[in-house]
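Undergrad: Take a look at the letters that make up each chain.
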Amino acid sequence: MADPYALYPARIVDKSEESPGIYTYRLRLDDDALRERFVFEGGQFNMIYVAGVGEVPISIVSDPEDSHLLEHTIRVVGRVSGAIGNLKEGDVLGLRGPYGKGWPLETSEGKDVVVITGGLGCAPVVGAIEYMFRRRDRYGAIKILHGVKTPNDLLYRERFDEWRKHENTEVLLASDQPGKTWHYHVGVVTELFDEVEIRPDFAVVMMCGPEIMMRMAAQHLEKRGIRHDTMFLSIERNMQCGVGLCGHCQIGPYFACKDGPVMRYDRVAPYLAGGW
Amino acid sequence: MTTRNIEVDLMARVEGEGALEVVVDKGEVKDVRLKIFEAPRFFEAFLKGRHYSEVPDIVARICGICPVAYQMSSVHAIESAFGMEVSETVRKLRRLLYCGEWIESHSLHVYMLHAPDFLGLDSGLELARSEPEILRRGLRLKKVGDRILTVLGGRAVHPVSVCIGGFTRLPQTNELRSLLDELHWAREAAKETLAWVAGFEMPDLSPGYTFAALSGNVYPMNEGAITVSRDGTAHDMSCASDGFEGHFKERQAPYSTAMQCLLDEKPYLVGPMARLNLNAASLRPVVREALAEAGVELPLVNPYHAIIARSAEVLQAVDEAIELIEDYEGLGTGPGEPYRPVTPKESVGTAVTEAPRGMLYHRYALDADGRVVEANIVPPTSQNQARMEADLWQMIPSILSLSDEALAAACERVIRCYDPCISCATHFLRLKRVAA
Amino acid sequence: MAAQVLQKRDMDALFGVLQARGFRTLAPTVQDGTAMWREVADSAELPWGWRDEQAPGHYRLHQGDAGRCFDLVHGPQSLKNQTFVAEEPLMRVKRVDGELTFESCVPEPVPTALIGVRACDLAALGIQDRVFAEGEHADARFRSRRSSLLLVAVHCTRAQPTCFCASMQTGPEAKGGYDLALTELDDRFLIQVGSNQGASILSELPTESADCRTQERARRAVEACAESQTRGIDRSNLPGALYETDNHPRWQQVAERCLSCANCTMVCPTCFCHRVEETPSLDGEASERTRLWDSCFSSEHSYIHGKNMRPDTKHRYRLWLTHKLASWIDQFGTSGCVGCGRCITWCPVGIDITEEAAALMEKP
Amino acid sequence: MAEQIKRPRLAVFKFASCDGCQLSVLSLEEDLLMLNERVKIAFFPEASSRMLDGPYDVALIEGSVSTPEQIHHLAAIREQCDTLITIGACATSGGLQALRNFADHDAFVQAVYPHPEYIRSLSTSTPISEHVAVDYELWGCPIDKDQLRKVLSDLLAGVVPRIPGVSVCQECKRRQKVCVLVTKGEPCLGPVTRTGCGAICPSMGRACYGCFGPAEPSYPARREHANTEALSRRFRETLHLSAHEAAHRFRFIHSYVSPFKEAGEETGEGET
Ligand SMILES: Cc1cc2nc3c(=O)[nH]c(=O)nc-3n(C[C@H](O)[C@H](O)[C@H](O)COP(=O)(O)OP(=O)(O)OC[C@H]3O[C@@H](n4cnc5c(N)ncnc54)[C@H](O)[C@@H]3O)c2cc1C
Ligand code: SF4
Ligand code: SF4
Ligand code: SF4
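Chains as they are written, first to last, in our numbering: chain X, 1 to 276; chain F, 1 to 436; chain H, 1 to 364; chain P, 1 to 272.
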């Protein structure tokens, strides 16, 4: 690509509401050749552009084996995401990608996977979870630990229930505040660690959520003997270009866009939630 | 019902906020009040204690429609206080800046605010439907004025380059030259404008004005003596700017935050018609020809003809701007200073310049450090205010047969001829005493 | 080719040859009290007789030796202004019948000769090459402009108190990357070749080969310039040492002086941060995307919905200084600072990167 | 016809002001015609005699609150409009006339008017946001018409507008202007002033006087303040302004908004 900013038209083939303000879109690149060439790995992202509004990084949640339709789950939080939320089937967006480094899905085969997520923005890891369940036999135990602030913040409730049904899989939920319909743990997500068994040398940890939560979780896991280089975090930073030119997404010596967004804990540990 | 109270709560297409109240009792006009309820802003009070260099930026904020006029009167007054002269280049560029403001302000008034009255429209924008080309011409003419202001002063509203002693920066020759193409277009457009407005049907009204304007060797903008004429031709009185307060006296009406100004206790007219009448001799040939072609004869004595005077002045300003630019010798690119150094001293200075709406008087008393001790500003609209009321007293008896609504509209139309700028009119008075 | 001598009176020949070959000729000229790059016709427009005086937050011009044209070291602009320009269109977007079309804006290369390029700026250009011109996502706009440059360097014989190129090993002698390089002596230039194109141009100039004395004088003038530099950065423990300063109180102290105004990053010849702005038409049918220089000192730079990742000036200053002196090395294999001193001079409050770096590397 | 009914309704209101910002609306030129197509200009007395009642979709408000009537008028407007945008220094921070907030109001009235009893005004000039909720604020004295155009385009497209808040210096440097503070020792407010004007004062060889108000982030993430203290220190210590002169730099167009307000505090007793 001669121009790293070049955008390509992609059409919304399907839009569905996950929960209020969260939509999953299936996009199809207009250009046939481009569509054929489009190869990505789980955890990579695209830059999605709305005409006249702007561009934002959004993880690809669909399965890398089906690159003809790209799936994105988008939560409306502001200007550009809001404009995406207003679009409907048949509308055209601009798209470029895929960018960045994804989850270590292949290298984790044969291992236990612990997924820790917090807050509302866990879309980037949902794709990875689905990926593993579609290839369930390749992985050891899968443990999904998810924390929210209040019971109302729990999105994807059905998905959690779905995942729970898989073999050799645990799904544990925690809410900081209690609620009438909440019959899971009340407290912070790190308290769930006491309820699961994690085998230090067999587990890979994947985390997604607020930096402060990820840092706490990693520190807990460290005490449980989990090595730093087996923990992976999805990092969020402002991104204007997505390809290491614009400088915005720096975190310490790294560019979240090209060294991440999924980064190994031993690398980013000094820079988490410290104003970097 | 014999008593009619005719009110216009909020006059439209005038700058600033004013209302009109007319009381008619048994077929007789009992009261006419031009009420200015624009909130007072006390400029003269907070000028006190400010450094002379801050004055042009402060007074510009009195009026966003004619900020250059305020800047010009203030720098001239302060320069006169300090006994300094500016260079010829600066003198010319200030004229050019003023041309920009006249073109901008007059075109806006002619097309957007005033012409609708003669065309039976609510707003200039409605021309977009009937005569989009004419509206485009008006907007483009206004833009020509804006561009002159922007090249010289950085922006059209509250330009930033005027300072005591000159400008903070002089334009490069090529920057000015880049305006010429548009100005040449504008000269033709201004002629068309004049022909267009001269063709409007206008009511007859000749209230018998006393005209006051600057007059001198060149068409007045920032030079000339204060001149008064009772018939629009003969010069009956003339004085320098320091004589202003001796002849023109202000009083405050109870119903208004603005002051009214009178000449020998009587109303008088300032603005484009007064200027045009008193300066027929210094009109540029192209303006004279265009007036003749449109069949307009001077002096103009009917308030409705102000739109003609304004259009003629647009042409005058465009034509002069072209000459000023063609003559301009840029300063090159060396680090030369575009303004003369200033030595403040304890002093008083006055100046009158011709704002688009008429004479604008400033007086400043300054201390030895160049800080303002006292300021007095008399804007054109307060000078015209008594005149507007007098016009209505005179006109209303002849249109009493109209419905209240129509009568109110007719009154509003008379007011609009003056292009009153109410934002300016309000909050000026002599600073008599200042808080300790 | 061995070094040659070009007499000052023959200097216009250089302009003539370049123009004949189709180059626009640009050089620093005196403007608004400093040196600004501008297209010039011949050598008469060079800053003959001018010298600069730079100090933290301070810049003045003075009259100096009328026979010298490169005594004025530099102004706020560097080569960055030629290659990674401050504001440029990225693309035009149109909506036609519900379809979107994207038209990338990539400038046509315009052959441009820059006469009077300093060593620090050449080094900085090399650094920006690594950012913009190399790798999978090289920027077409940068490359187009970069490929059209012809660079005539000047080895510095005069340094400012703010200069510390010697300590950063980028100058005062241009270390390469130029087509031709000049050393200014009183009546002549020593002229060296750095590329084939440079050699070919030189062959058309009225030069003679340089005698030993001229070469020696030139060498000494440049050496003396290096020796005159007083500022510097101790790089022996970089990048590591800076990563250990997370909680150093100096960050807060400098934040109390820093205005977060971004001047340092705007004048820095290597800073590459930018953002993209969208300008839609009122009818919503078209839009233009513009790329502008941005700065890590902007509050919006690290904004993600609901929070600022680098909320305070101290975080931003820390990112900037750490990036310049340390993380750049990890990212691009080179320091991000070339020692031009511009950030010191053009900081409205005169914050000095060398002083801050030294303080940070001291134990609190 | 159905198309017309759907056009959003725009209103323009005026409080205490110089009209310059309203003029910026009229100066949109070609875009004014396009705007006139896309919205129904329902209330804009300065431009049209047709004044339609609310409700309005978007209201632009120029001017500050400085009389008792205006407080009521403003509350009524707020109820009538969906999106309220302040345009300009007066509406956004109280404007130049907020200088009165630091002086004895009665003395002002008496000083200016021979019949102070006719004058009804409040002792302060305050920003719109001190009285009602404001959705977006356009800074500048006057506003920049390109910023206005962008905000209106965004609203028309149903997008949350963004108004940049970084320093004037960024624009100054991007436009290749030479710093007047560094080269001439002028007390420029650019480093702590909000971008938007195009850095026209430095372009004209003079110091910025802060007419776009204090720089600050445009996102509500954190309301932090431009470092006026450090700049004021610089004015006093190395540019040799007196404390009073340095304070006057800040106590000008935006005297009533933090942190210019605090930085302007050093002025002498009873003076403005
Ligand atoms: C690698 C990556 C993957 C992401 N994947 C997803 C996803 O799958 N689904 C999803 O809903 N969101 C995802 N996000 C977050 C998403 O990019 C932001 O929600 C989005 O940028 C918000 O933009 P806005 O204009 O709506 O918000 P505003 O608050 O109006 O933000 C304005 C601007 O700030 C920047 N910005 C704001 N928030 C973020 C953020 N969180 N991350 C980066 N830049 C931001 C953008 O430049 C944005 O245009 C991802 C972010 C990153 C970095
Ligand atoms: S950090 Fe400062 S000294 Fe170093 S290259 Fe940038 S501007 Fe020059
Ligand atoms: S002139 Fe003013 S706005 Fe421009 S860089 Fe200098 S301090 Fe900043
Ligand atoms: S430079 Fe400053 S004072 Fe001048 S127009 Fe811009 S913001 Fe206003």
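These aren't lab readings, by the way, just hints derived from the structure by calculation.
Heads up, some of the hints might be wrong.
To be verified - Pairs of lysine-lysine residues, derived as DSS-like cross-links and limited to a Cα-Cα distance of at most 27 Å, are as follows: (1) LYS314(H) / LYS40(P); (2) LYS40(P) / LYS94(H); (3) LYS149(X) / LYS307(H); (4) LYS15(X) / LYS94(H); (5) LYS101(X) / LYS307(H); (6) LYS261(P) / LYS48(F); (7) LYS345(F) / LYS30(F); (8) LYS88(X) / LYS8(H); (9) LYS30(F) / LYS249(F); (10) LYS48(F) / LYS30(F); (11) LYS258(X) / LYS307(H); (12) LYS6(P) / LYS88(X); (13) LYS345(F) / LYS184(P); (14) LYS314(H) / LYS258(X).
Undergrad: Quickly compare the C-alpha distance for LYS149(X) and LYS307(H) to 27 Å and report which way the hint goes.
TA: holds, 17 Å
Undergrad: LYS314(H) and LYS258(X) were given as a pair; does the straight-line alpha-carbon distance stay at or below 27 Å?
TA: Answer holds: LYS314(H) to LYS258(X) is near 26 Å, not above 27 Å.
Undergrad: For the pair supplied as a hint, LYS40(P) and LYS94(H), is the alpha-carbon distance within the 27 Å limit?
TA: holds, 25 Å
Undergrad: Between LYS88(X) and LYS8(H), does the CA-CA distance stay at or below 27 Å?
TA: Roughly 69 Å between the alpha carbons, so the hint for LYS88(X) and LYS8(H) is violated.
Undergrad: Does the alpha-carbon distance linking LYS6(P) and LYS88(X) stay inside the 27 Å limit?
TA: holds, 20 Å
Undergrad: For the pair supplied as a hint, LYS48(F) and LYS30(F), is the alpha-carbon distance within the 27 Å limit?
TA: Not OK: LYS48(F) and LYS30(F) at ~41 Å, beyond 27 Å, violated.
Undergrad: Under the criterion that the straight-line Cα-Cα distance not exceed 27 Å, is the pair LYS261(P), LYS48(F) satisfied?
TA: Judged against 27 Å, a Cα distance of about 19 Å means the pair holds.
Undergrad: Just to be careful, I want the Cα atoms of LYS30(F) and LYS249(F) compared with a cutoff of 27 Å; is the pair within it?
TA: holds, 25 Å
Undergrad: Does LYS307(H) lie within 27 Å of LYS101(X) when you go C-alpha to C-alpha?
TA: Given that 27 Å is the threshold and the Cα spacing comes to 24 Å, the pair holds.
Undergrad: Hinted pair, alpha-carbon criterion (27 Å max): LYS258(X), LYS307(H). Please report holds or violated.
TA: Holds. LYS258(X) to LYS307(H) sits at ~22 Å (cutoff 27 Å).
Undergrad: Would you check the hint for LYS15(X) and LYS94(H), treating anything up to 27 Å between C-alpha atoms as holding?
TA: Satisfied, since the Cα-Cα distance of roughly 24 Å is no more than 27 Å.
Undergrad: Holds or violated: LYS345(F) with LYS30(F), Cα cutoff 27 Å?
TA: violated, 52 Å
The structure shown violates the earlier hints numbered 1, 7, 8, 10.
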